[in-house]
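Each protein sequence line maps, in turn, to chains A, B and C. Each residue of the first sequence is one higher than the last, beginning at 1 in our numbering. Each residue of the second sequence is one higher than the last, beginning at 1 in our numbering. Each residue of the third sequence is one higher than the last, beginning at 1 in our numbering.
I should point out that these hints are in silico values taken from the structure, not numbers from a laboratory. Even glycine gets a Cβ: it sits at the ideal position worked out from N, Cα and C. Heads up, a few of these hints could be off.
Unchecked claim - Every beta carbon over 12 Å from chain A, so not counted as near; a handful from chain B, in silico:
no., residue
1, E171
2, Y410
3, I441
As the list claims (entries may be wrong) - When the alpha-carbon atoms are kept at most 20 Å apart in a straight line, the in silico SDA-like pairs for lysine to any residue are as follows:
no., chain 1, residue 1, chain 2, residue 2
4, A, K155, B, T698
5, B, K630, C, R280
6, A, K22, C, M1
7, C, K267, B, N471
8, C, K267, B, K581
9, A, K135, B, T698
10, C, K267, B, D674
11, B, K581, B, T698
12, A, K77, A, E123
13, C, K267, B, R754
14, C, K11, A, E83
15, A, K135, B, N471
16, A, K18, A, D101
17, B, K676, C, D261
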Amino acid sequence: MEKHQIQYQTVHFNLNGKDVEKTVDVRASLTDMLRNDYHTLSVKKGCEVGECGACNVLIDGETFNSCIYLAVWAEGKRIRTLEGLMGPEGELSDIQQAFIDEAAIQCGFCTPGFIMSAVELLESGREYTDEELRKLLSGHLCRCTGYENILRAVKKTMYRRLGKEMPTA
Amino acid sequence: MSKSVGRSVTRVDAREKATGRARYTDDLCGREALVVKICHSTIAHGFVKSIDTALAEAVPGVVKVLTCFEAPDVPFPTAGHPWSTDPSHQDVADRLLLNRHVRYYGDEVAAVIAEDEVAAAQGVRALKVEYEELPFVLDVQEAMADGAPQLHEEYKNNILGHSDVRRGDYEAARREPGLIKVEGWYDTPTVQHCHIENHGCFAYEEAGRMVVVSSTQIPHIVRRVVGQALGMPWGKVRIIKPYIGGGFGNKQDALYEPLCAWCSAQVGGRLVKLECSREETFASNRVRHAIRTHIISYVRPDGTLAARKFESFSNQGAYASHGHGVNAKGMNAFPQLYPCPNVECDSWTVYTNRPAAGAMRGYGIPQAMFAGESHIDDICRAVGMTPLEFRRKNLMPVGYVDGFSKNELYHDTFNQCMDKGIEAIDYLRKYEAYKNQTGPIRRGVGLAVFWYNTAVWPISLESSSCRMVLNQDGSLQFQTGETEIGQGCDTAYSQMVADAVGIPFEHVHVVSTQDTDVTPFGTGAYASRQTYIGGFSIMQTALALRERILNIAHEQTRMPVSNLDLVDGQIVRKSDGRVLKSLGDLATESLYSLEHSQHITAETTAQIKSNAYSFGCSFAEVEVDIPMCKVKLLRMVNVHDCGRLINPALAEAQVHGGMSMAIGYGLSEELKFDEKTGKPLNGNLLDYKLSTFMDHPTLEAAFVENPEPTSPYGTKALGEPPACSGAPAIRNAVLNATGVAIDCCPITPHVFYRKFCEAGLIEE
Amino acid sequence: MYDMKALYQAKSVEDAVVLRLAHPEAQIIAGGSDVLVQMREGRRAGAELISIQTLDEIRGVSMEDDGTLRIGSLTSFSHITRDPLIQKYIRVLGEAVDQVGGPQIRNIGTIGGNTCNGVTSADSASTLHAWDAIVELTGPQGVRRQPIAEFYIKAGQVDIREGEIQTAILIPRESYENCFGHYIKYAMRNAMDIATLGTSVNVRLSADKKTVERARVAFGVAGPVPLRAAHAEALAAGQPVSLDLADRFARAVKEDINPRDSWRAAKDFRLHIAVESARRAFIESVKLAGGAL
């Protein structure tokens, strides 16, 4: 069999607020690049075909499963992973703290992806109904929590950011 | 005494997991690792005649191709059970690393080791495997029939196991005049655990020993199995278990650790990793046993049970794994849950050409409860009683003692749990309001209870070991062989340790990672045993540590031990309550003492020869759209008596997860197989219908806390019980809504269509 | 890493056409939610890819001078749903593609990819059929326009010729004016699923809202490609609005549809659901159009 000529390409993008560049194998997924080249290991591999949401990251403010996104497509993009949420002194963002406080974490494998979807919807500044929240978070599978406490965590944070009292059931 | 136990303290690993810093298996693997990909059989049954490896070996980047023809012919067992030194109680050893005789579509026939995943996958695709095909069988009862394809020579008619229960005289009792006969067949599906982290592991040699880092629930057991499979002394194997992304029983088996270790050994002990794809997780890990159950009940018009018969047929798939234990557990629940003087039970576990079935959350009980609790509602219809009346009348009474396990029902748990659920969901009013509806959209409420017991004694060994090491500042590390798999045992244990030793919760540091070189022996996470079993060794070790501390305190303070106590991290003189010194000062002085330096540690093993019932119930409310053949789950409530809650918030969260699994079991999940080839049809997360965020109602968990007298902490099983009664509660709610008695789960639109056509609710 | 032989990244539509001609065996990749998954599964392993993912010139929704609604082929599902023109003129399309997979898939999946893969279950396809969409293809000979029904050749195959790429989906004014539609995705769960059956109905009522001027219905997964139910449409045209009409319209769809038996669903089940879905989608469309039932 002939030796495969590996095709490389240099990608420039912004990762968690920092401009970076990397020469990557064009066959790499964004998950591969983030995990292997940047050690952003919050980006998890659960299916690698876009069905579980564990590898979810924000690209220019929208959620994407990085497993089905080519690394070279990152050119010029602004990419955010869970690692980018923590403050310089180790301060947690409100949504991370809410996941902790509401016992929304069990095995923790789906957690990073979920939190990044939560970040997107919280940053929209809108008030969503429970049904809308369920839909906005429906691109993630979780086998531990039944989604119940995840909903509580996101909802609580949404109301806190809106400066509104959370309605009781 | 208790300060920490009973409080909803924050999970000890929550911050690591909320920041993405918690490290799972693949996060720890060196990027230089060679990659193993498995070549799986593309037939359901037959022999590998030959494998042409030439093209695969020519793929650039392929390092080595290993086939079934060079793998050792050493059968080994995989079940995550404690080993038995009695050969008659050992797990069935029917597994090989790679197989010439392939027994299911997806069996392992070869492995390709390459420099990267693409080369490994190309290598696998380039292999030319020639098979001699044999007939195969997928159905459990067909597999038992004479003349069926035989999977393992030594198991005639493919029967891996059979057990029975006989009580009274069923044949005589059923002839009593005036009895109402109720008979049903109930089918449950093959489902998969679907932890979000697939199983994966990596292996390398270090100082002549094999190290395997694995996503497993049972590191010490995997160590033994790797040793058995590779013919290595067990001491030459070291297993490390980091954080894992869920297990639910699938990882309570040795999965690919033996193969991965063998691959590493074949390339000079180089670092080799083997990660399952999601498709491999479905097709070639473990699944839940599909069990077909036949129940006949003879009931008196007053609703008492005269005679009952139970038969269950468990689809084992191609290899024994946990084998008959799963089906036997379900069968044994039957005569206990609704005691009847005349009972005949038989259970069979049968090999078929499907993926091997192993342990999965509930271990036979979700199947048994779907059949048993569906059947109870069928009885209610036949005799004209409400589901609640019948259960109140016939469920296991307070004071019931099981002759084998010696488990006792100490409290009126069933009624207390049902009462809580009834109130939460407004069951009584709704049941009456919903029972005679007409029209296309109908609502219903359903109830189901469950039977569960904790841990595995007296069927197997129960033991747990714990080590505590005191630091100079008065804090301590502790370790157990029982594993954190997401359920929260690291946190619950830390709470237990704090109280038992007498130090603040913040001074307790759990060593979460199990490393068989340094972690005391323990068999791991399964059987809902963690809080119950771990509690014994924690309490015992804490007492031993306290004794050492108080003896040293005596040396340092000259007060008699009998007048000393350790309270909240302080050495206290009991007679006047004065704090004599802090534990930190004591530990520092002890360690650096020039006269008598002591490192304060304790380690003990507790063997546990008791077990505990753990009971509860589920309530479901549904809305059925008859023309659309759809059901919407409106509400679900679970009520549990798992004894005293160690951490109420984590307990509630764990119940939610079990309810979620029950929702999928009841409504959507089923791994399907092509009848013509035996190939899994939907082994991916798109076609296998795990219920999503949008398929869940608000989940409600409630508890009745009757302290368990045999447990040092008054606690008992909660890991698996939440998954046990949800599906029959949904099924019984559909019955209340439509009058249609469904005989299988999952209750998909296809099932509704068939049943509604039969019932004349929709036109065919 | 993907088992990809080579990746060619188009810098413009023109460039894409050149790359298509230079690499006729290469697969076009837009969002990646189909192609990369197939590559991962081994079905397209070793393929060459032409990526058009970065061609912003064919992304977005606009209105042409003659009132034709133009949806650039790379417009993602979530952008279609949020687009004001879509919401105003063909809201049902936004609702239909809002039921594709989950949020992340709707951010990456494109309407071009959804139609070019020729899959009968695509959530956009039945609505595009029901609204007589036009497919715009750009190739070496320039731009070619084709009714969507002719674009689909057979399961998994569409009419994209040598050197061409799909550049837009067009909805003519005559097709959307005064039209109201409803889509029912029948699936086994409420998110992350493919349609067991997709039903898209739309109606245009008379000025007094009492008569159906035109009713159109298309199905996904009722045949190898998305298809219209002409008998039902003819039956409803010019008829007074009534529940009885909804029933007759729904039953008539059986004249045209031909779902198959598969492990995913049985034919008789799909037929049953098609009739019930057509009935409900018709009623909903009439209500949206201001009709009283």
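Hints, verified against the model:
1. Here E171(B) stays apart from chain A, with its beta-carbon at least about 45 Å from theirs, past the 12 Å limit.
2. With a least beta-carbon separation of about 29 Å from chain A, Y410(B) lies farther than 12 Å from that chain, consistent with its non-interface assignment.
3. Annotated as non-interface, I441(B) keeps its C-beta farther than 12 Å from every C-beta of chain A; the closest such distance is 19 Å.
4. Taking the CA atoms of K155(A) and T698(B), the gap is about 13 Å. The hint holds against a cut of 20 Å.
5. Among the hinted pairs, K630(B) with R280(C) is consistent with the structure: their alpha-carbon atoms are about 14 Å apart, no more than 20 Å.
6. For the hint linking K22(A) to M1(C), the alpha-carbon distance of about 16 Å falls within 20 Å, and the restraint holds.
7. Between K267(C) and N471(B) the alpha-carbon distance is near 70 Å, which puts this suggested pair outside the 20 Å criterion.
8. Only pairs whose Cα atoms come within 20 Å are accepted, and K267(C) paired with K581(B) is rejected, the gap being roughly 80 Å.
9. A threshold of 20 Å between alpha carbons decides the hint, and for K135(A) with T698(B) the separation of about 14 Å falls inside it, so the pair holds.
10. A threshold of 20 Å between alpha carbons decides the hint, and for K267(C) with D674(B) the separation of about 17 Å falls inside it, so the pair holds.
11. Taken as a hint, the K581(B) and T698(B) pair is broken in the structure, with Cα atoms around 51 Å apart against an allowance of 20 Å.
12. For a cut-off of 20 Å, the pair hint linking K77(A) to E123(A) stands: about 18 Å separates their Cα positions.
13. For a cut-off of 20 Å, the pair hint linking K267(C) to R754(B) stands: about 13 Å separates their Cα positions.
14. At most 20 Å may separate the alpha-carbon atoms for a hinted pair to count; K11(C) and E83(A) exceed this at roughly 32 Å.
15. Only pairs whose Cα atoms come within 20 Å are accepted, and K135(A) paired with N471(B) is rejected, the gap being roughly 49 Å.
16. Taking the CA atoms of K18(A) and D101(A), the gap is near 30 Å; set against the 20 Å cutoff, the hint is violated.
17. A hinted pair counts as satisfied when its Cα atoms are at most 20 Å apart, and K676(B) with D261(C) qualifies at roughly 15 Å.
Checked against the numbered hints above, the structure breaks hints 7, 8, 11, 14, 15, 16 and satisfies the rest.
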